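Assemble the whole structure, with the sequences as input and the hints as a guide.
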Amino acid sequence: MLTMIFINAAVPAILNPLVVLVLCVFAGVATVLMLPGRKEASWAKVGGVVAVAVGLIFSALLVRYTATVSPDGMGIYFWVFSAIAIVSAIRVVTHARPVYAALYFVLTVMASAGLFVLLWAEFMAAALVIIYAGAILVTYVFVIMLASQAAPDAETIAGQADYDDVSRDPVVAASIGFALMGVLLFVIFDKAEGVIRPVKPLNIKVYVQDGSATPPIAAYDGSTQQLGQYLFNDQMVNLELASLILTISMVGAIVITRRRIVSTDFGDEFVETPEPETLHGPATPVNDNPHSIPVYGTKNPRVKAYPEM
Amino acid sequence: METLALQHYLAVGAILFGIGLIGFMSRRNLIVMFLCTELMFQGVAINLVAFGHFWGNFSGQAFTIMVLVIAAAEASLALGLVVLLFRQKNTLDADAWRELKG
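These protein sequences, in sequence, are chains A and B. Using our numbering, the first residue of the first sequence is number 1, and each one after it goes up by one. Using our numbering, the first residue of the second sequence is number 310, and each one after it goes up by one.
Don't take every hint at face value.
Using 20 Å as the maximum straight-line C-alpha spacing, the simulated SDA-like pairs for lysine to any residue come out as follows [said to hold, decoys possible]:
#, chain 1, residue 1, chain 2, residue 2
1, B, K398, B, M342
2, B, K398, B, E408
3, A, K39, A, A133
4, B, K398, A, L146
5, A, K39, A, V29
6, B, K398, B, A382
7, B, K398, A, D162
8, A, K45, A, V87
9, A, K45, A, I57
10, A, K39, A, D165
11, B, K398, A, I256
12, B, K398, A, F26
13, B, K398, A, T257
14, A, K39, A, R168
15, B, K398, A, M145
16, A, K45, A, R91
17, A, K45, A, F26
18, A, K39, A, V49
Among the chain A residues that face chain B by a calculated CB cut under 10 Å, a handful are [as the list claims (entries may be wrong)]:
#, residue
19, F26
20, G48
21, I90
22, V109
23, M124
24, L137
25, L184
26, Q229
27, M250
28, V255
Calculated from the structure, these hints are not laboratory results. Quantities reported herein were computed from a predicted structural model and do not represent experimental measurements. Glycine included, every Cβ here is placed at the ideal spot set by N, Cα and C.
Structure, rendered in structure tokens:
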């Protein structure tokens with residue numbers, strides 16, 4: 001038998017649902033206090049303190065739970081990575097400035113990549129860092145810069161837009177979100193008896209049970225190669241589908257953001273119009289001719305000159 | 310390092326998913342709303358990789374690659390839509406498009 005399966009039949013109910021429910025209620029109140037809104041900044045600090053306290057209590061309960069489920073040692077890495085991921089995720093949600101939210105999201109992605117490494121998924125960790133933190137987040141920050149620069153009328157005195165300062169229905173959102181989270185945690189911790197324990201790492205073909213033979217690291221040959229073999233042998237259609245989705249989304253993004261917007265007043269009868277009506281924005285090309293892109297500037301390179309709206 | 314149970318990773322994934330859901334419902338900036346969907350993708354990806362690891366096969370990682378592909382496609386299309394909407398009303402407020410409901 002290559003895999004050893006432990007059935008944890010009798011796990012003591014340390015994390016009973018009432019405790020999880022109370023913790024979720026407190027965390028919900030803390031999140032409501034931390035979400036941006038029209039209230040004093042000291043309430044956000046109170047919310048942060050409450051959230052940290054709830055997190056510490058929950059992690060302490062989880063440590064006790066871990067000591068009963070798998071008593072033979074616990075790694076520190078899981079706790080550090082998951083704490084960084086969760087704290088920065090809360091900051092993503094509660095930070096009023098979108099650029100800072102994006103940077104905290106980078107931190108969440110890095111911590112998730114650390115969790116992937118703990119799960120023997122090195123390729124996924126690298127892909128997560130490259131794709132998420134490298135490509136997607138650059139796109140997000142670029143769009144944030146593009147969109148927040150040219151809206152001077154929507155800003156308040158503090159240089160901050162109103163829709164970033166005031167969140168919409170924080171009580172309802174926190175109630176629904178923490179209700180979902182509480183139910184998920186309850187199901188995970190209460191109904192997960194008989195879950196398979198991680199005895200066999202992914203890449204070890206033969207696991208010697210008595211532990212006296214070759215150590216498991218000797219048989220470890222990297223999960224990237226096996227993942228590639230699995231992808232190209234068993235998941236070929238999915239791989240082609242992924243490339244198709246990426247191509248379609250690229251073409252679709254180009255089509256969506258094209259400049260020319262034909263007004264729909266023409267109706268069904270197709271009249272011959274020499275040039276459809278277009279919307280002209282500031283500093284955008286009128287048509288596909290690259291010489292039609294207006295060039296702005298002054299003789300002095302230190303002075304920025306932007307077109308009048 | 311190999312002694313943690315599956316529940317730990319599932320708990321982290323569930324917490325990330327819940328936080329992302331809260332952010333998606335409560336924030337009004339369109340870009341931050343899509344950032345919160347990416348947060349929910351993160352929770353799902355952690356769940357998938359953890360399940361794949363604990364079952365001892367590569368299906369979880371293959372699904373996570375699909376999640377990454379969908380996330381990239383969603384980011385490009387959604388940000389294109391955000392740029393388009395921003396050109397129309399000159400604001401990123403999701404409530405500016407309130408007349409679209411119904």
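Hints and how they fare:
Restraint check for K398/B and M342/B: the C-alpha separation of about 18 Å stays at or below 20 Å, so the hint holds. A hinted pair counts as satisfied when its Cα atoms are at most 20 Å apart, and K398/B with E408/B qualifies at roughly 13 Å. The straight-line distance between the Cα atoms of K39/A and A133/A is roughly 33 Å, outside the 20 Å bound, and the hint therefore fails. A distance of roughly 14 Å separates the Cα atoms of K398/B and L146/A; the hinted pair therefore holds under the 20 Å criterion.
For the hint pairing K39/A with V29/A, the CA-to-CA distance comes to about 14 Å; that is within 20 Å, so the pair holds. This hinted pair does not check out: K398/B and A382/B have alpha carbons roughly 25 Å apart, beyond 20 Å. For a cut-off of 20 Å, the pair hint linking K398/B to D162/A stands: about 15 Å separates their Cα positions. Distance restraint check for K45/A and V87/A: the Cα-Cα separation of roughly 14 Å lies within the 20 Å cut-off, and the hinted pair is therefore satisfied.
Of the pairs offered as hints, the one joining K45/A and I57/A holds, with about 18 Å between alpha carbons and a cut-off of 20 Å not exceeded. With a CA separation close to 10 Å, the supplied pair K39/A and D165/A stays within the 20 Å bound. Using a Cα cut-off of 20 Å, the hinted pair K398/B and I256/A holds, with the two alpha carbons roughly 16 Å apart. As the CA atoms of K398/B and F26/A are separated by approximately 39 Å, the hinted pair breaks the 20 Å bound.
The straight-line distance between the Cα atoms of K398/B and T257/A is roughly 15 Å, inside the 20 Å bound, and the hint therefore holds. With a C-alpha separation of about 14 Å, the suggested pairing of K39/A with R168/A holds against the 20 Å cut-off. Under the criterion of a C-alpha separation no larger than 20 Å, the hint pairing K398/B with M145/A is consistent with the structure, at around 17 Å. For the proposed pair K45/A and R91/A, the alpha carbon gap of about 12 Å is at most 20 Å, so the pair holds.
About 15 Å separates the Cα atoms of K45/A and F26/A, which keeps this hinted pair within 20 Å; it holds. For the suggested pair K39/A and V49/A, the alpha carbons sit about 17 Å apart, so the restraint of at most 20 Å is met. Among the interface hints, the one on F26/A is violated; its C-beta lies about 14 Å from the nearest C-beta in chain B, farther than the 10 Å criterion. Taken as an interface hint, G48/A does not check out: its beta carbon lies about 14 Å from the nearest beta carbon of chain B, beyond 10 Å.
Checking I90/A against chain B: minimum C-beta separation of about 6 Å stays under 10 Å; hint holds. Taking 10 Å as the C-beta cut-off, the interface hint given for V109/A holds, the closest approach to chain B being about 7 Å. Because the beta carbon of M124/A sits about 5 Å from the nearest beta carbon in chain B, less than 10 Å, this interface hint is met. Hint on L137/A holds. Least Cβ distance to chain B is approximately 9 Å, under the 10 Å limit.
Here the hint on L184/A is kept, as its CB sits about 4 Å from the closest CB of chain B, short of 10 Å. Interface restraint check for Q229/A: the shortest CB-CB distance to chain B comes to about 9 Å, inside 10 Å, so the restraint holds. The beta carbon of M250/A comes within 7 Å of a beta carbon in chain B, closer than 10 Å, and the hint placing it at the interface holds. Look at V255/A: its Cβ gets to within about 9 Å of chain B, closer than 10 Å, so that hint holds up.
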